[in-house]
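Number of protein chains: 2
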Amino acid sequence: MIKLSFESISSTLQTILRRVGFSDERAEQCALLFVEASRDGFYSHGLNRFARFVQSIDLGVVKVDARPELVESFGALERWDGGSGPGNLNAYASMARAIQLAQTQGLGCVALRNTNHWMRAGNYGWQAAEAGLIGLCWTNTLPNLPPWGGTTPKLGNNPLVIAVPRDNGEHVVLDMAMSQFSYGALENYQRRNEQLPLIGGFDSDGELTRDAGKILGSGRPLPIGYWKGSGLSLMLDMVASLLADGKATFGITADVVRETQLSQVFMAFATLAQSREAILSEILAFMKSSGTEVRYPGEQTIKRRKQSLEEGIPVDESVWQEIEALAKR
Amino acid sequence: MIKLSFESISSTLQTILRRVGFSDERAEQCALLFVEASRDGFYSHGLNRFARFVQSIDLGVVKVDARPELVESFGALERWDGGSGPGNLNAYASMARAIQLAQTQGLGCVALRNTNHWMRAGNYGWQAAEAGLIGLCWTNTLPNLPPWGGTTPKLGNNPLVIAVPRDNGEHVVLDMAMSQFSYGALENYQRRNEQLPLIGGFDSDGELTRDAGKILGSGRPLPIGYWKGSGLSLMLDMVASLLADGKATFGITADVVRETQLSQVFMAFATLAQSREAILSEILAFMKSSGTEVRYPGEQTIKRRKQSLEEGIPVDESVWQEIEALAKR
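Line by line, the protein sequences give chains C and H. Our numbering numbers the first residue of the first sequence as 1 and each following residue consecutively. Our numbering numbers the first residue of the second sequence as 1001 and each following residue consecutively.
Bound conformation, chain C alone (with noise of 0.2 Å):
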C-alpha cells in the first residue's frame, strides 16, 4: 500500500478522465465520486475498480457524454433513463434531482433505468445527507445470488443505502448489499487463508460454510438473514425495475465488465431540522448502552476519513502503476 494525497489521485484520474471524453467539469465530479470511496475506506468501489470503469469506455459500454434524460413527471415520483451514460456521474445527478424535489415536497423520488455501476453505493447517501435531508437509495444488479432453495444465481445483491444527517456532519449511513459478504470480501478471506468469521455461502455439495474458497467455487453466497435477505433483494428489485420502467435482473447480462442497463431508485425526504440532533443522538447513546462493541453505521467509514485526510489515501501499489499507464497511454 501506498499513501497519495487527495489531490494527486484526484488530478491523475481527471487527466484520463479527459482523455477519454469527458469534459473538465464531469471529470472532476467523476474523480471525486472515485477518490471519496476510496478515502473512505472503500477501495473495492473507489481506485480499485478505476480501470475497469476506463475499460467499459473504451468498450463502449459506458458513455462519457450521456446524461439522464426526463422520460416522465408524475409530481414528487420522476422517470429518468440514464442513457449508458457513467454510473456514477447519473446516480450523482439523479440524487440531486430528489433532493430539489424533496425540497419542494417534502419528499423526492428519481427512477433512473439505463444506467451503469454506480461504484460506491454509500456516495449518494452521503449527498442527500450533506444536503440535510435522509437519503434512500437502491439499485439492482447482474444475477449474483441464488435466491433461497435455489443454487443458481437468479438475483442481484442490489446495494441499499438508507442515511440520516447530522448536525456535526458525521451522518449515519448504512451501505449494504443483500449478500452476507462481498465477492471482494470472499476473495480476501481466500487470499488470506482464513475462515469468514460466520457462515457465508453453501460448498458445492449443498453444505453451510465458513470456507471463502468454497463459496467461491460454488458460487452459493448467503442472503442477509436466508429467506428474508433473498426476499427483500427481490423485492428491491421489482420496484426499481416497475418504477424505472427499465431493465430487472433477468435481463441484466451476467458478465461483470459489460454488467449495464440497470434500474434504481434514489429517495431524498425532508427532515425537521430542529429537534433532528437531539433525538439522533439519544437513539445512538441508546444503542451504545448495549456493549462497548456496538457500532452504528458509517462510524468505521468516518475514521477511516480522518486517518486517509491525516496521512495520505491507501492506495494498492499495482492499482496505481495500472492508473498511472492509463494516464500515460
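Keep in mind that the hints were calculated from the coordinates and are not lab data. Computed from a predicted model, the values in this text were never measured in an experiment. Treat the hints with care, since some could be wrong.
What the hints assert, rightly or not - The list that follows gives simulated cross-link-like pairs (lysine to aspartate or glutamate, DMTMM-like), each with its CA atoms no further than 25 Å apart:
#: 1; chain 1: C; residue 1: Lys288; chain 2: H; residue 2: Asp1245
#: 2; chain 1: C; residue 1: Lys288; chain 2: H; residue 2: Asp1205
#: 3; chain 1: H; residue 1: Lys1303; chain 2: H; residue 2: Asp1316
#: 4; chain 1: H; residue 1: Lys1063; chain 2: H; residue 2: Glu1259
#: 5; chain 1: C; residue 1: Lys328; chain 2: C; residue 2: Asp58
#: 6; chain 1: C; residue 1: Lys247; chain 2: H; residue 2: Glu1277
#: 7; chain 1: H; residue 1: Lys1288; chain 2: C; residue 2: Asp245
#: 8; chain 1: C; residue 1: Lys247; chain 2: H; residue 2: Glu1282
#: 9; chain 1: C; residue 1: Lys306; chain 2: C; residue 2: Asp167
#: 10; chain 1: H; residue 1: Lys1247; chain 2: C; residue 2: Asp245
#: 11; chain 1: C; residue 1: Lys288; chain 2: H; residue 2: Glu1259
#: 12; chain 1: H; residue 1: Lys1288; chain 2: C; residue 2: Asp58
#: 13; chain 1: H; residue 1: Lys1247; chain 2: H; residue 2: Asp1065
#: 14; chain 1: C; residue 1: Lys306; chain 2: C; residue 2: Glu7
#: 15; chain 1: H; residue 1: Lys1328; chain 2: H; residue 2: Glu1007
#: 16; chain 1: H; residue 1: Lys1063; chain 2: H; residue 2: Glu1028
#: 17; chain 1: H; residue 1: Lys1288; chain 2: C; residue 2: Asp255
#: 18; chain 1: H; residue 1: Lys1247; chain 2: C; residue 2: Glu299
#: 19; chain 1: H; residue 1: Lys1247; chain 2: C; residue 2: Glu277
#: 20; chain 1: C; residue 1: Lys214; chain 2: H; residue 2: Asp1316
As the list claims (entries may be wrong) - Residues of chain H clear of chain C, computed beta-carbon distances all greater than 10 Å:
#: 21; residue: Met1001
#: 22; residue: Ser1011
#: 23; residue: Lys1063
#: 24; residue: Glu1130
#: 25; residue: Pro1143
#: 26; residue: Pro1146
#: 27; residue: Asp1167
#: 28; residue: Ala1185
#: 29; residue: Gln1195
#: 30; residue: Ser1289
#: 31; residue: Glu1322
To be verified - With the C-beta cut set under 8 Å, the calculated list includes, among others, these residues of chain C facing chain H:
#: 32; residue: Ile57
#: 33; residue: Gly75
#: 34; residue: Leu77
#: 35; residue: Leu107
#: 36; residue: Gly149
#: 37; residue: Leu155
#: 38; residue: Thr271
#: 39; residue: Ala273
#: 40; residue: Pro314
All residues carry an ideal CB built from backbone N, CA and C; glycine is no exception.
On the provided structure of chain C, position chain H as indicated by the hints.
Showing chain H alone in chain C's frame:
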C-alpha cells in the same frame, strides 16, 4: 385447532368491539383486519392477539375513538398524529391516505406518530397492492433486539413491508421483522422441543445457538444478517421517528401490553399498469428457475388463504374460548 367461518369470527369480534365503544363501521373494519390476519395464517397477529388488544383498550392504552389527525403537510409527505387510536385502524387510514397522495403525485408518504401496534404488518402492503400500487411501510417497536456487538435489547425488530401488485390479485408481499426468528417462532420451537433450522441467537454464555429456549433465556435473538440487520433496524427507527416527529425505540416502554406511541411510515407508489405484469412474471419465473424449493414472499400466504376460505379459518381452541368469554362479559 377448530375451524370457523370468516363471517362467524368477524361477527363475534364486532360484538366485542362495539361493546368496548367502537362505532359499527370501525368495529367492522377492525374485525376485518384481525380475521384477515388469521385467514392468511398470521395467527400470532390475528385472533391470538385479539384478547390482548381488548386488554389494551381496557387499560386505556388504546383509545377506541381516536383517529389520525394531520399535523403538517409538505406536499407528497404528510405528518399525522395517531392520538393513541387503535393501531390497525390508524395504519389502515394512513396507508389509504398515502395511496390518495400517490394517485395525484406519483407517490405519497404518511409519517404517523403516537399510534399503537398495527397487528399484522402485511395487511397494509396488501392494501396498497389491492389499490394497484406499490406499498412500502414499517413501524418501530419497543426495544426487543440487541444490536450487533451488544448484549441487551436496545433496538426494535421494526417490521418492514414491501408489496408489489399483480393483475391476478396474487400480490408479492414481503413482511419481515429485523430479527431472524420472532419471539413467537422461538416459543413454538421451544414448546415442540425442536432445534431451530439455523442459528437464531446467543445463549447466556454468548455462544451462537440453535436452541430456542436458550435464546429466550438470554434475550439475545439475532438480527438478520448480523451487523446488517442491526444497522437496518437502527435506520428504520431513525427515519420513522424523524419523519413522524414521534417517539423512537428508546422512548417506547419495554412492556408488551403498554407498547404504545409508536412511529410508522406508509408509502405508496404508482406503477405502470400496462407492462407491469409482463415484467413481474418474468422476474418470478427467473428466480424460480434457481430451484424447485424457491418461494416468493407471499406465495405461502395465498395458499393458506385459499385453504382457510375453503375449510374454515383455523383458531386455537383456548384462543376462541377467551374471545367467546369477552363476547359474554
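- Query: Going back to the hint list, which numbers does this structure go against?
  - Reply: 10, 12, 20, 25, 26, 30, 32, 39, 40
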